[in-house]
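Below, each chain spelled out in residue letters.
Number of protein chains: 2
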Amino acid sequence: MSEDEGITVKKDENYSEWYNQVVLRAELADFSPVKGCMVIRPYGYRIWEKIQSYLDGRIKETGHMNAYFPLFIPESLLTKESEHVEGFSPEVAWVTHGGDTKLEERLAIRPTSETIMYTMYAKWVRSYRDLPLLINQWANVVRWETKMTKLFMRTREFLWQEGHTVHATEEEAAEEVMRMLHVYKDVYEHLLAIPVIIGTKTDKEKFAGAKYTTTCELLMPDKRAVQGGTSHHLGQNFSKVFDISFTDKDEQQKYAWNTSWGLSTRTIASLIMMHGDDKGLVLPPSVAPISAVIVPIIFKKDREAVLEAARSLRDALSGFVVELDDREEYSAGYKFNHWEVRGVPVRIEIGPRDVKNGQVVFVRRDTGTKRSVSIDNVSGELRRELDDVQTALYERAHTFLEENTHVVKDYDTFMRLMSENGGGMLKVQWCGSTGCEEAIKDETGATSSCIPFGEEPSGTCIYCGEPAREVVYFAKHY
Amino acid sequence: MSEDEGITVKKDENYSEWYNQVVLRAELADFSPVKGCMVIRPYGYRIWEKIQSYLDGRIKETGHMNAYFPLFIPESLLTKESEHVEGFSPEVAWVTHGGDTKLEERLAIRPTSETIMYTMYAKWVRSYRDLPLLINQWANVVRWETKMTKLFMRTREFLWQEGHTVHATEEEAAEEVMRMLHVYKDVYEHLLAIPVIIGTKTDKEKFAGAKYTTTCELLMPDKRAVQGGTSHHLGQNFSKVFDISFTDKDEQQKYAWNTSWGLSTRTIASLIMMHGDDKGLVLPPSVAPISAVIVPIIFKKDREAVLEAARSLRDALSGFVVELDDREEYSAGYKFNHWEVRGVPVRIEIGPRDVKNGQVVFVRRDTGTKRSVSIDNVSGELRRELDDVQTALYERAHTFLEENTHVVKDYDTFMRLMSENGGGMLKVQWCGSTGCEEAIKDETGATSSCIPFGEEPSGTCIYCGEPAREVVYFAKHY
Chain A
0 MSEDEGITVK KDENYSEWYN QVVLRAELAD FSPVKGCMVI RPYGYRIWEK IQSYLDGRIK
60 ETGHMNAYFP LFIPESLLTK ESEHVEGFSP EVAWVTHGGD TKLEERLAIR PTSETIMYTM
120 YAKWVRSYRD LPLLINQWAN VVRWETKMTK LFMRTREFLW QEGHTVHATE EEAAEEVMRM
180 LHVYKDVYEH LLAIPVIIGT KTDKEKFAGA KYTTTCELLM PDKRAVQGGT SHHLGQNFSK
240 VFDISFTDKD EQQKYAWNTS WGLSTRTIAS LIMMHGDDKG LVLPPSVAPI SAVIVPIIFK
300 KDREAVLEAA RSLRDALSGF VVELDDREEY SAGYKFNHWE VRGVPVRIEI GPRDVKNGQV
360 VFVRRDTGTK RSVSIDNVSG ELRRELDDVQ TALYERAHTF LEENTHVVKD YDTFMRLMSE
420 NGGGMLKVQW CGSTGCEEAI KDETGATSSC IPFGEEPSGT CIYCGEPARE VVYFAKHY
Chain B
0 MSEDEGITVK KDENYSEWYN QVVLRAELAD FSPVKGCMVI RPYGYRIWEK IQSYLDGRIK
60 ETGHMNAYFP LFIPESLLTK ESEHVEGFSP EVAWVTHGGD TKLEERLAIR PTSETIMYTM
120 YAKWVRSYRD LPLLINQWAN VVRWETKMTK LFMRTREFLW QEGHTVHATE EEAAEEVMRM
180 LHVYKDVYEH LLAIPVIIGT KTDKEKFAGA KYTTTCELLM PDKRAVQGGT SHHLGQNFSK
240 VFDISFTDKD EQQKYAWNTS WGLSTRTIAS LIMMHGDDKG LVLPPSVAPI SAVIVPIIFK
300 KDREAVLEAA RSLRDALSGF VVELDDREEY SAGYKFNHWE VRGVPVRIEI GPRDVKNGQV
360 VFVRRDTGTK RSVSIDNVSG ELRRELDDVQ TALYERAHTF LEENTHVVKD YDTFMRLMSE
420 NGGGMLKVQW CGSTGCEEAI KDETGATSSC IPFGEEPSGT CIYCGEPARE VVYFAKHY
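Protein chains in written order, with numbering that gives the first Met the number 0: chain A, 0 to 477; chain B, 0 to 477.
Simulated from the structure, these hints should not be mistaken for lab results.
Among the hints, erroneous ones may be present.
It does not matter which identical chain is used: a pair holds within one copy or between any two.
As the list claims (entries may be wrong) - Listed next, the in silico DSS-like pairs over lysine-lysine satisfying Cα-Cα at most 30 angstroms (straight line):
#1 K101 - K79
#2 K149 - K369
#3 K59 - K122
#4 K203 - K299
#5 K210 - K426
#6 K122 - K9
#7 K184 - K49
#8 K440 - K149
#9 K49 - K122
#10 K149 - K122
#11 K49 - K59
Given the structure is predicted, the values throughout are model-derived calculations rather than measurements.
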């Protein structure tokens, strides 16, 4: 069958195959000849550009500047911070030769850039006047995953931004961590129409080398969770190892405080999973490369009149990215399917009767709802329709998250829920021990998602029965 | 001495040291702990973002879309096109290990992406309806140079865009090659204020695997030339090797025609060299991260009045990126130098007398010219001043190019000019043989720069005396 014929499996029957079909047939991405690496095709990359544009704006608005650091990290640098190297070295790709010459020291392809950036920061930071140092980098990174590749969700190379900042005090760094976590929350909620749960990672799940890690956690339709973006307080772990120190106002020499935070092309995996349906992709208007597609309904007679009206319509909608599909060789039905697979938020149909009546028909991708709209107010109506779609997608996702987040008080219920497909977000009381966390993982496959902010523990640990010290979400994770 | 004290060598006394000082002290870039690789600092990266923004707009306007292909190229793919691999394999960085595991096949870090992209294109292109395929990629690439690193000009990793297109006919591909060459010409002339000579590379100097290469050639102040951006007609060389074929309208199966074109962060090296002076960087307003800096001239009395006027001035100029340097701890003289090193196009001074007279003083970075401007029309005047600086820089560079481009009729004159520092662009008649080209290189160090478009050869080859078949520019190249 042709790739354009649509999605042949149902989302709730074979979720994994459904996902691959959507990615491939909407032409978001493709498998590449390099094992574990993907190609991001133009339509998928346009979505990434929209995410970048929003996020880059927010990053700059909050005082950061972009820069670029080397792809390569000498082995001796990568191994300087011990927890960090332990976390990353099993999945590092190593360059050993330049041309025909063996290198004196192996070079890691950056899995993340703390070590290379902080080496430079040590050189640039001298005085409190140089602080805060607020730098972000848009880059490719490589982690030599051994798990199965999943397009956008897990590939050996991916694209991201990584912010790396230096502050004079622990408090300022803590504020920065929260500031950027909330920017990520906004990316998900305002742009991608996906509600998130924010909180702190447990020690077991935190970033290798961090004092603590904050995270945006998402719940996918298969009731499994995704870590959507993280913002780390690195304390003085790296500043001590890399000697990022400064002369403070009181003329004392002090070690600085670091944060780092990253958001990757994985966002697109969550976007596809969250909103897509049996017909294919469903895109929130805020990240849709095309806001609406005009499909003229053409019969032999009235052909020219309809095409002319369709062209006028496109001109009337010049404030939006609108595609006029006036291809001669395809039927209207074929075109409906073609654009549904690609998730275009609104289809605008215009036929001979519409031309006569001075109207067009809007068809919403998310609900399939049709309504006639007067041509005189088509631009305002499209704006409203797109806003409605954006809101409806967020609300649907929000309802799903609420319906699948459960406060669980006893371990039997916990095990039962986790034994069902996915399981959802289970909120429990926890004693805070890594032992209990690991036992829960071993027995149910669920890992801790996050410790939500500002919730007081009460009662006893769901696993061991000791007094609770944290409230924590557990979920099965991607 | 402090890095902020300014440039300590003169541009025409020690050009190379001058260049390094400007790059380092304007905080455009820095040396990294990875040999041959640089760090692009925020101020330098902002210039790259401005170039990207302009060029990306032009690339999209001409119908291309961005995408992203893997960083890695399996060795077997890289070696498929024989001329191509011969050109690139000596300078490839090789990944041999992922984590602790030796890879079955070595992976090249992309030196350029023809081979990985065309493998995918072969899969995507089936019919004439899929053509033209117009894709661009913004990416990092690695070429394991053995020559000495020069910040921005020659580093082992650099940033660029590479466009790769597929066309149904040779003519369409030829049009694409010229279209993108002219876009590059506009980047230099309109944005960077650097005039270029465009033309075709000789066979000896063309891209490895191309049918022909067109180029933008720039002449630097040391009278050496830079290849500033190239646009290649790849003919069917790659489409035959990678099997990019399509069913045409006439139902015949045909090989497609490819083009590729790239522009890199090397642009910034040319920008620095071309316009900089003994005080440091001089930036054309179109790419300057900061358009103007306001320096309040503060004495003890009138302090508050001047600072308040400076803040109002900043607000009045909110349509521009303007920096108000109200740092208490530095003198006005220190600040002048600080912003001159960084090439900010206009300095605006405001002191007690200016406040009284309702005026400010504009100081142009390129000429040092001062003029008083009424505060009432400061925004319009700044716009005009910036336009004037942009035009003046282009004109100065254009005059330099004209004065150092010589039509040379005999080899003695050619040798004499080339033996002088740099030599300039020497336009000569040439028989077209690689032998003469190589002999000239061996004897003078000059390589062919380009064969300008539309010039008729006449007379005899400057080297061998045989009938001329081409007009060609020679220069010493970076």
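Here is how each hint holds up against the structure:
1. K101 - K79: Result: close both inside a copy and across copies, 23 angstroms intra and 24 angstroms inter.
2. K149 - K369: neither (35 angstroms within a copy, 62 angstroms between copies)
3. K59 - K122: within (23 angstroms within a copy, 39 angstroms between copies)
4. K203 - K299: neither (67 angstroms within a copy, 58 angstroms between copies)
5. K210 - K426: For K210 and K426, only the intra-copy Cα distance (24 angstroms) is at most 30 angstroms; the inter-copy one is 64 angstroms.
6. K122 - K9: Close across copies (26 angstroms), not inside one copy (56 angstroms); limit 30 angstroms.
7. K184 - K49: The answer is both: 16 angstroms in one copy and 28 angstroms across copies each meet 30 angstroms.
8. K440 - K149: within (22 angstroms within a copy, 52 angstroms between copies)
9. K49 - K122: For K49 and K122, only the inter-copy Cα distance (27 angstroms) is at most 30 angstroms; the intra-copy one is 35 angstroms.
10. K149 - K122: between (40 angstroms within a copy, 20 angstroms between copies)
11. K49 - K59: both (16 angstroms within a copy, 14 angstroms between copies)
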